[in-house]
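S.K.: For reference, the chains in residue letters:
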Amino acid sequence: MSLDWVPVVAVFYCKNVPGGGEEERHAIEKRYKGSARLYPIPCSGRLDAIHLLKALEEFADGAYVVTCPHGSCRYFEGNSWAAKRLETVRRLIESIGLEGARVGMVAESSEEPIDLSILTGEFINSISKIGPSPVLKS
Amino acid sequence: MITAEQKPIKEIRETIAPYRKILVLGCGSCVAECAAGGEKETAMLASALRMAARMNKEDVLIEDKTIDRQCVRDFIVQLEGVIEAYDAVLSLGCGAGVQAVAEIFSDTTIIPALNTEFLGQTKDQGLWTENCVGCGDCMLYYFGGVCPLARCSKQLMNGPCGGSREGRCEVDPEIPCAWQLIIDRLGRIGGLERLGKVYPAKDWSKKQGRGPRKIVREDQQR
Amino acid sequence: MKDESRLKQLLDGGHFAVTAECGPPKGADPGAVLRKAGLLKEKVDAVNVTDNQTAIVRMSSIAACTVLLSAGLEPVLQMVVRDRNRIALQSDVLGASALGIRNILCLSGDHQSFGNQPSALGVFDLDSMQFIEAVRGMRDAGTIMGGEQLTSAPAVFIGAAANPFADPLEFRVVRLAKKISAGAEFIQTQCIYNMERFKKWISLAEDRGLLEKAYILGGVTPLKSAGMAKYMKNKVAGMDIPDDVIKRMDAVPKERQRQEGIGICVETILALKEIKGVKGIHIMAIEWEDAVGEIVERAGLLPRPKVD
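Protein chains in written order, with our numbering: chain A, 399 to 536; chain E, 28 to 249; chain F, 6 to 313.
Since the hints were made in silico from the structure, they are not lab data. Quick reminder that beta carbons are idealized off the backbone N, C-alpha and C, glycines included. Just to be clear, a hint being listed does not mean it is correct.
Here are a few chain E residues that sit away from chain A, every Cβ distance over 10 Å (derived from the structure) [claimed, not checked]:
#, residue
1, 35
2, 79
3, 82
4, 176
5, 218
6, 236
7, 237
Below, in silico cross-link-like pairs of lysine-lysine (DSSO-like), each with a Cα-Cα straight-line distance of 27 Å or less [claimed, not checked]:
#, chain 1, residue 1, chain 2, residue 2
8, E, 150, A, 482
9, E, 84, A, 452
10, E, 34, A, 482
Pulled a few chain E residues facing chain A out of the computed Cβ check, cut under 8 Å [unchecked claim]:
#, residue
11, 70
12, 71
13, 74
14, 77
15, 78
16, 112
17, 192
18, 195
19, 243
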C-alpha cells in the first residue's frame, strides 16, 4: 500500500437521515478533507446502480449508501430498492474481480440513529483496511 | 416482446479482448423492458468493462450509446458517422438487433453481449415468462388463450401428459402445467368442448418449411 | 411371419392378458436382452421394450424387440415422440412391422431434462395422440400422414398409456377417450397403488362407454423396499403411492421388504382381476425381471394360454 494513499469514499444518502442536512454535509466534507464526497438524494430509492459504478470508476475507493430505517421510508420502499441495486452493483464489480466490500449500505436505526458524520468515518476506516482501488491505481 | 439476459462478464471480456476501441451499444426497446440492454444496463456494462480494463492495465477506449431500436433500419442508420470511430461494437440488442446492425455496417465487428431468450411477457416486476414460439399459425382460440406449444414442456397439443400433478409440470414444479391452465380457462369461458377432439399434427411448414421467414407488405413499402 | 399380434388374439379371445417390461441395456450386448427374455419366457404374453426410458440412452427399442423375437417372445415396441419427428417415427413403424414386431405402444416420453442427455433437443413434432392417429392411418388406410399411399401397410396392434393418477381426474378420462378415438386398442396404465382412485377412473371410463372400446391393462410395479416406495412417491412424476402402502413396507424389516413388495403386487393383481373392464395386467418390475415369474404364479396366472 502506497504511503501517500488517501482513501476516498463516495457516500450517497437520503436527505432525511440524521445529520443529512446541507450544513452538515459541508462540515463532514471539511472534517474528512478529501476522503469523503457526499451526495444527498431525495430518497435512496432514487439511487441508480450507475451512480455507484461511476463513483468507483472515476474517483472512489468505496461507495456507500445510507438510507432511512427499514419500514420508515417516506416514499414507502425506496430503501429496499436501494438495497437491491446495491446487490446488483456488488455482483457486477465482483464479476470483474473488484472486492464486493467496496460497496455497502447502512439503514439507519429508528431507536439509535447514528450521525452521518460518524458513519462516514466508519466507511473511510473500512476502505483503509481494504486498500486502494485497483481501478484507480494507475 | 423479445427477452434477453446479459452474458457473463468473463465471456464478454474474452470476445472484446482483440479490440481497442469499443462502442457498447444499447437498445431502447424489448431488451430495455426486460432490463437487459436498455440505456441503464448499457451504461453499467460499459462502466464495469472500463474498470476491468483499467484493473488489467489494458489500454482501451470503451464508450456507450443507446438507440431506440437496433432491429429497425431507420434507427440503425443514426449510427452513421459514429460507429466508424470504433474497432468493434458490443451490442446489447437481441439476436435480431445484432444482425441488423451487422448487416448495415457490414465491415464492422458486432459482438453480442446478450443471450436472447424468448418471446414473452413481463408478468411482474423482474419476472418474464415465455408464451409464444412464433409458429406462424396461431391456435390460441382453441386453447383458451394459453399456448401449449410454448408453455407445455412437451408441446402437447392433446395434453395434459401423465406428469401433471396439482397443476404443476413434471419437469419443474415451478412451472404451471399449461394444460391445467388451458382446461381451467376453457372451463371458465365455457369452451371445454373445444378439447373434445383430437387436434391434428401441427403444420410446422408455417414456421420453418421454407427456411428463414419473411413478411412482405407492398402497401407498407416505399 | 405371423401378421397378427398374439397379444391382440389373446385379448380378443377373452383371456386375461399379462405383459411385462424389459429395459434394454446401456450397451450393445444382445446377451443382456436375452437374459431378461429367459426370465420372462412363458411367464407373460408379451414384453414391452422401453424406448430410452427416462431419457437415458440405451440400446434402441426396435433392436431389442428383434432380439426378443429371436428368443421366441412377443415384443411390444414402445415408441416415444421425444426423439423423432414424424418422418422418422413413420419410417420406424414400417421398419418395426417388417421385422415382425406386431405391437406398438405410442408414448410422449419422459422429458429430456430427466435423463443423461439434458442438452438434447426435445423433438415433440407429434404428440402421442397424433402419433396414434398416424399409426392407425398407416395400418387401416395404408397411408402416411398427409394421405400418400404406402406400398404395403404395417400390421400392428396399437397401444397407448394412461395415468389415472395424474390431474385433473375428470380430464384424464376425456384424454383416454381421445386416445381411443385416435386409434388406441389397448391401454397400459401407470402403476396402481391407489386402488380407490383407479376404480374411480375406471367407473368414469365406463360411464363414457370406453371399457368396450379398448382393452385396459392395469399397471403394477413390485416395490423393492420402503426407500423405493418413498422415492417413487416423491420423485417420480405421475406416481401416486398412498401412505398406507409406504407404512406397510416400513413395517417389515429390510430383508423382508422385497417379499412384502411382491405380496402387495400380487394382492393388487388379484383385486384388478375382479374389476370389470380390466382385461389384463402390465408388470413393470424395474430391473427386477426375476420377480415376474413369482408374481404371475402367485396371482394364479400360470400357465399362460396358447394361441394357434
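S.K.: Now look at each hint and say whether the structure bears it out.
M.R.: Here is how each hint holds up against the structure:
At roughly 7 Å, the least C-beta separation between residue 35/E and chain A is not larger than 10 Å, which violates its mark as non-interface. Some Cβ of chain A comes within 10 Å of the Cβ of residue 79/E; the nearest lies about 4 Å off, and the non-interface call is violated. Listed as outside the interface, residue 82/E is inconsistent with that label: its C-beta sits roughly 5 Å from the nearest C-beta of chain A, within the 10 Å cut-off. With 10 Å as the threshold on Cβ separation, the claim that residue 176/E sits away from chain A holds: the shortest Cβ distance comes to roughly 34 Å.
Every C-beta of chain A lies more than 10 Å from that of residue 218/E, the closest at about 40 Å, which supports listing it as non-interface. With a closest Cβ-Cβ approach of about 42 Å to chain A, residue 236/E is found to remain outside the 10 Å limit, as its non-interface label requires. With a cut of 10 Å on Cβ distances, residue 237/E stays outside the contact zone with chain A, its closest approach being about 42 Å. For the hint pairing residue 150/E with residue 482/A, the CA-to-CA distance comes to about 19 Å; that is within 27 Å, so the pair holds.
Between residue 84/E and residue 452/A, the direct Cα distance comes to roughly 19 Å. Compliance with the 27 Å bound is thereby established for this hinted pair. Between residue 34/E and residue 482/A the CA atoms are separated by roughly 20 Å; this keeps the pair inside 27 Å, and the hint holds. The criterion of a C-beta within 8 Å of any C-beta in chain A is met by residue 70/E, whose closest approach is roughly 5 Å, and the hint holds. This hint holds: residue 71/E has a C-beta 6 Å from the nearest C-beta of chain A, less than the 8 Å allowed.
Hint status for residue 74/E: holds, given a least beta-carbon distance of 4 Å to chain A, under 8 Å. Hint status for residue 77/E relative to chain A: holds, with the closest Cβ pair at about 6 Å, below 8 Å. A distance limit of 8 Å between C-beta atoms decides the matter here; for residue 78/E the minimum to chain A is near 5 Å, and the interface restraint holds. For residue 112/E, the interface hint is violated, since its Cβ never comes within 8 Å of a Cβ in chain A; the closest pair sits about 21 Å apart.
Here the hint on residue 192/E is broken, as its CB sits about 34 Å from the closest CB of chain A, past 8 Å. The interface hint given for residue 195/E is broken, as the beta carbon of that residue sits about 28 Å from the closest beta carbon of chain A, more than 8 Å. The beta carbon of residue 243/E is not positioned within 8 Å of any beta carbon in chain A (closest approach about 42 Å), and the interface hint is therefore violated.
Violated hints, in rising order: 1, 2, 3, 16, 17, 18, 19; the structure is consistent with all others.
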